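Respectively, the protein sequence lines represent chains A and B.
Using this note's numbering, read the first sequence as starting at 720 and increasing by one per residue.
Using this note's numbering, read the second sequence as starting at 630 and increasing by one per residue.
Please note that a few of the clues may not be correct.
[Unchecked claim] Sample of chain A residues with no beta-carbon within 10 Å of chain B, all distances over it, derived:
#1 Asp743
#2 Gly802
#3 Lys851
#4 Val885
#5 Ile889
#6 Arg892
#7 Gly906
#8 Asp922
#9 Lys936
[As the list claims (entries may be wrong)] Just a few of them, taken from the derived set where beta-carbon distance is under 8 Å, the chain A residues facing chain B:
#10 Thr929
#11 Tyr930
#12 Val931
These are computed hints drawn from the structure, not numbers from a lab.
Values in this document were obtained by computation on a predicted structure and should not be read as measured data.
Beta carbons: idealized from backbone N, C-alpha and C, even for Gly.
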Amino acid sequence: MNNGKIVAGIDAGHLNTKAVLIKDGRILSYAKAPTACDVLAATQNVLNEALKNAGVSPDRLSGMYITGVFRNMVETRTLNVGGTVPEYIADAKGALFLDNKARTVIDIGGNVHMAISFDESGNVLDVIENDKCAEGLGIFYRNMAKVLGVTEEELSELALRATKRVSVAIQCRLSAESEAIDLMCQGVEIEDIADAIARFIADRVAAMCTYVALRKKVVVAGGLAKSQAVIKHLQNMIKEEVSVGDLPEYVGAIGAAVSYGGAK
Amino acid sequence: MSELGSMNKQMDWKKANVIVAGVDVGSVTTKVLILVEGQVYAWSQVRTIAPKESVFNAINEVRYQTGLELQNIQYVVATGRGSTQVTFAQRTMSEISCAVAGALRIWGSSVRTILDAGGDSCKVIHCTDKGRVTDFLWSDKCATGIGRSMETFADLVKKEVTEIGDIALQSDQFPKLSDFCVVYAQSEALDLIRSKVPLKQVIAAYHYAMAKRISTLVARSGVKKDFVIIGGLAKNPGIINWLESILKVSRLAPKPEVDPTLIAALGAALFADAFYRRQ
């Protein structure tokens, strides 16, 4: 291994904290853990795990950069943080790093979702964030998997097998939860409920996207990008092809590292 | 005592003439309660997932403990949100009627106001000493799912739903959260954690906000004594504490013989008992 710079990017989000290690524009390793209530501990954990996965000793780390809603909670003194990056900038840089044709990133996270358009250098052109009643889609998805007694992956698979179209409320996730449970108690098939859940999420995100000009190519980041059912409905609603990379959850963390020279 | 269920070992159903069941399919848990000769004999409680299966799981739990088979149960009344999914029930009754019947049996005919604070909805019910419902109020949309959201909240702060109510009482001073919408309150609670407010205070703040939300509902319909609380939130000391102090009224303490979450199932079983005897 040569002596190139190894940069760590951390994304301290509402539900999960993610870490990536980047060297010479290449991703060495990544790790994630629940943020819970101790952002500092979560950051330490994911960083250690990423170092372990890459087989790199901590002293070879040339810098660590943080994004995510909890970024300011990570003590700069104890963890030797080089700098913080706003989420929308990290998302833009991360999305461009992973796909150089990307010009818009839709980030569907645990508590907030946003859409960011940017130019070919990753400079942010426009940002839109969800309105308050649409908050918590990731939390909603996780709750609904629990209510239906399946994993989050299974929820998406079930949704793709739906045969009947049923719907839940289009306003807030609490009324949607309540209506999904109503459907369940009426004996509606689990596939059809799962589909309604995915469609509800896509609907909320699509509604937000009408406030911003979506430049092509559109990519999706965040934990919910892994739900194929959500992506399927989102494409139909925004009438735009969207692509999901290999590491949708790590877009922010990658962007944080890239913002501070991790790419080169 | 099992977490899933329990039985009265002094009784023997094999010698009994009347064995009936109440099944309450709630949005979070499904409960089965068996009455033998009009006395509480056994109960079980399982998570509602697919309602039809959950009902059978709850029945199986009772079977496992007591040896009772479905064919030994002479009459079944179903209640709760998924009551129509209880295929073997002879009748269904509304949650309101069952809550009243159960509460009057447990606390006596002096009960005038019942707050049913369950997983999905909060209901305030007024009744007479004969168990006639004089008025009731259902939670509006923005107050939906307060019970269920306590689980989500506990999960977010990585605590057990059974312990957060006690933790909430450990702080006298805490910031105020939005008390109109549950989603806003949860989001603001996350903001507080982010701005390094101690976790205990955040938990207290969330409980206070939820108690405030429920209290506006109760206050709108008025409280007449005796006042009782049933449903899962009746077991959360934080919610109860602030609810009582905001409403300036004390509830009658829960009775050890029947858990507050089983009151509607008990009511359904009492109806089953009455219907069977009337046949």
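Hints, one by one, checked against the model:
| no. | hint | result |
| --- | --- | --- |
| 1 | Asp743 | 34 Å, holds |
| 2 | Gly802 | 19 Å, holds |
| 3 | Lys851 | 6 Å, violated |
| 4 | Val885 | 15 Å, holds |
| 5 | Ile889 | 13 Å, holds |
| 6 | Arg892 | 6 Å, violated |
| 7 | Gly906 | 5 Å, violated |
| 8 | Asp922 | 16 Å, holds |
| 9 | Lys936 | 31 Å, holds |
| 10 | Thr929 | 21 Å, violated |
| 11 | Tyr930 | 20 Å, violated |
| 12 | Val931 | 22 Å, violated |
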